[in-house]
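There are 2 protein chains.
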Amino acid sequence: MSHRTVFFVSDQTGVTAETMGHSLLTQFGGLAFRQVTLPFISTIDKADEAVKRINATGVAEGVRPVIFSTLVQEPLREVLKRADALFLDFFDAFLTPLEAELKTRSSRTEGRAHGIADLGAYTLRINATNFAMANDDGSMNQDYDRADVILVGVSRSGKTPTCLYMALQYGIFAANYPLADEEFENSRLPSKLRQYQHKLYGLTIAPERLQQIRQERRPDSKYASAAQVAFEVRSAEALYSHYGIPYINTTECSIEEIASRIIERAQLERRLRP
Amino acid sequence: MSHRTVFFVSDQTGVTAETMGHSLLTQFGGLAFRQVTLPFISTIDKADEAVKRINATGVAEGVRPVIFSTLVQEPLREVLKRADALFLDFFDAFLTPLEAELKTRSSRTEGRAHGIADLGAYTLRINATNFAMANDDGSMNQDYDRADVILVGVSRSGKTPTCLYMALQYGIFAANYPLADEEFENSRLPSKLRQYQHKLYGLTIAPERLQQIRQERRPDSKYASAAQVAFEVRSAEALYSHYGIPYINTTECSIEEIASRIIERAQLERRLRP
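Read top to bottom, the protein sequences are chains F and A.
Under my numbering, the letters of the first sequence match residues 672 to 945, in that order.
Under my numbering, the letters of the second sequence match residues 672 to 945, in that order.
Simulated from the structure, these hints should not be mistaken for laboratory data.
Every value quoted in this text rests on a predicted model; they were computed, and no experiment measured them.
A few of these clues could be false.
The list treats identical chains as interchangeable, and a pair is accepted whether it falls inside one copy or across any two copies.
[Stated by the list, open to error] Subject to a maximum C-alpha distance of 20 Å in a straight line, what follows is the list of computed EDC-like cross-link-like pairs (lysine to aspartate or glutamate):
no., residue 1, residue 2
1, LYS893, GLU732
2, LYS893, ASP716
3, LYS863, GLU935
4, LYS870, GLU856
5, LYS870, GLU720
6, LYS893, GLU854
7, LYS893, ASP852
8, LYS717, ASP852
9, LYS893, GLU749
10, LYS774, GLU732
11, LYS863, GLU749
12, LYS863, ASP852
13, LYS752, GLU853
14, LYS752, ASP808
15, LYS752, ASP807
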């Protein structure tokens with residue numbers, strides 16, 4: 672299948688342009704795209720170079736590239752607009768109506784959307800990340816007093832990446848504790864968890880999918896066997912029911928989806944950067 | 672200062688709407704905004720409820736809210752458009768020109784931008800995250816053969832969060848190794864690092880900022896003293912020069928910025944979701 676190249680052009684990290692472009696491209700599932708990020712295009716010279724590269728790509732591939740851009744400065748946008756490509760700029764589209772509504776002219780300065788705009792908020796994300804690391808996998812040095820949420824679930828149900836994502840993206844203090852034989856044998860939560868029961872959120876997963884994940888990790892082990900996986904998933908769900916712990920099935924969910932749903936349902940605060 | 676409420680409305684996680692809205696709001700630095708995310712607005716009923724909440728907020732605050740929306744389905748957008756608010760929808764603005772350019776009608780299905788569109792690409796992100804955890808802080812179980820990059824730097828220079836971010840966002844396999852007394856005393860890299868010298872990328876940081884961070888962590892310790900911090904930073908930079916290791920100053924940079932710059936300069940592949 673022939674592909675078309677999509678460029679994410681930004682005067683800063685390119686994260687916003689990538690996110691925006693990616694959201695739109697998922698709406699054209701049948702087409703193949705090659706994705707190239709051009710970050711830190713913050714001078715006219717760099718913008719000229721970007722245009723040359725974009726035009727050369729179009730000529731080589733015989734199809735006009737698409738540009739998703741988040742260039743705040745008008746002069747840089749003007750340069751990119753001259754590329755032989757479909758040019759979609761985010762600030763072009765939204766800054767003017769926003770200025771009218773807010774009755775304020777925007778600063779139109781180089782984007783710092785992903786910069787350290789507020790040291791306090793930024794430090795919070797770093798501290799939350801350190802917290803997630805220190806409170807991963809039921810570590811010895813638990814600090815559940817400070818936790819916003821404690822994820823529980825069997826090994827490889829998605830606890831660790833979800834905690835890290837909640838920390839990095841939303842400054843949420845998320846710990847996690849693995850449910851294993853000890854809990855299943857006596858069908859009880861350990862006492863250190865019971866006292867924080869209101870902070871618990873369970874993860875579950877389809878046994879077939881879990882088996883696939885574990886098989887990749889430890890091929891043909893008891894850990895990856897159908898019987899063991901089925902037993903663990905069934906036992907975990909029984910624990911959730913017994914203690915009334917809310918839980919989510921992660922089988923079809925990405926980290927972002929798992930995190931968003933837990934945040935929504937457990938009414939956690941999304942500590943968005945100001 | 673009076674504030675205006677901004678709503679991020681999405682039929683899925685809300686991550687795209689938050690990213691887009693946040694980028695725009697940073698251009699209005701003087702104004703105060705209250706940010707509320709309304710994710711999973713995927714039915715007409717939920718959309719009606721969202722409108723009621725938005726209108727009530729406007730009445731209570733005496734100022735029209737702003738809506739940043741990523742609703743793919745036209746009927747849901749139509750409901751939100753009737754709210755008494757400035758309505759900026761991302762798909763509204765960009766889908767039509769994209770369809771014309773691609774000569775394809777988009778699926779206009781519920782957004783799965785942050786879903787598991789491609790299991791292989793998704794597994795890669797999870798594996799990269801596990802790799803970052805297992806190869807954090809010079810852990811014993813190093814697997815530097817598989818690393819795309821190995822960050823080096825003194826304690827609290829930003830190595831861990833940057834590795835985790837590169838893994839979660841870009842599927843990059845990033846390890847990190849802390850430079851400490853052992854390296855500084857003999858001004859040499861350990862042999863296990865020297866054989867991977869082409870993968871090394873250094874972090875440095877202003878001593879004043881590092882002291883502040885360490886002081887928060889271990890108040891009034893030698894670790895947080897001006898002399899120790901200055902010695903470590905100077906020694907680390909000397910090592911970088913001696914071995915020709917590229918490095919970046921993280922003092923004024925967010926995790927996203929550090930990651931983007933390293934990816935750019937070390938020419939790592941951004942494994943964007945397809």
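Going down the list of hints, with the structure as the test:
1. LYS893 x GLU732: Classified as neither; 51 Å inside a copy, 60 Å across copies.
2. LYS893 x ASP716: neither (60 Å within a copy, 47 Å between copies)
3. LYS863 x GLU935: neither (25 Å within a copy, 45 Å between copies)
4. LYS870 x GLU856: neither (23 Å within a copy, 46 Å between copies)
5. LYS870 x GLU720: neither (52 Å within a copy, 28 Å between copies)
6. LYS893 x GLU854: within (18 Å within a copy, 42 Å between copies)
7. LYS893 x ASP852: Answer is within: at 13 Å inside a copy they meet the 20 Å cutoff, but 43 Å across does not.
8. LYS717 x ASP852: Answer is neither: 58 Å inside a copy and 41 Å across each miss the 20 Å cutoff.
9. LYS893 x GLU749: neither (62 Å within a copy, 53 Å between copies)
10. LYS774 x GLU732: Between. Shortest inter-copy distance 17 Å satisfies the 20 Å Cα cut-off; intra-copy 45 Å does not.
11. LYS863 x GLU749: So LYS863 and GLU749 fail the 20 Å test inside a copy (60 Å) and across (49 Å) alike.
12. LYS863 x ASP852: Answer is within; shortest intra-copy Cα gap is 16 Å, inter-copy 38 Å.
13. LYS752 x GLU853: Cα proximity of LYS752 and GLU853: none, with 62 Å in one copy and 53 Å across.
14. LYS752 x ASP808: neither (50 Å within a copy, 45 Å between copies)
15. LYS752 x ASP807: Result: close neither inside a copy nor across copies, 47 Å intra and 43 Å inter.
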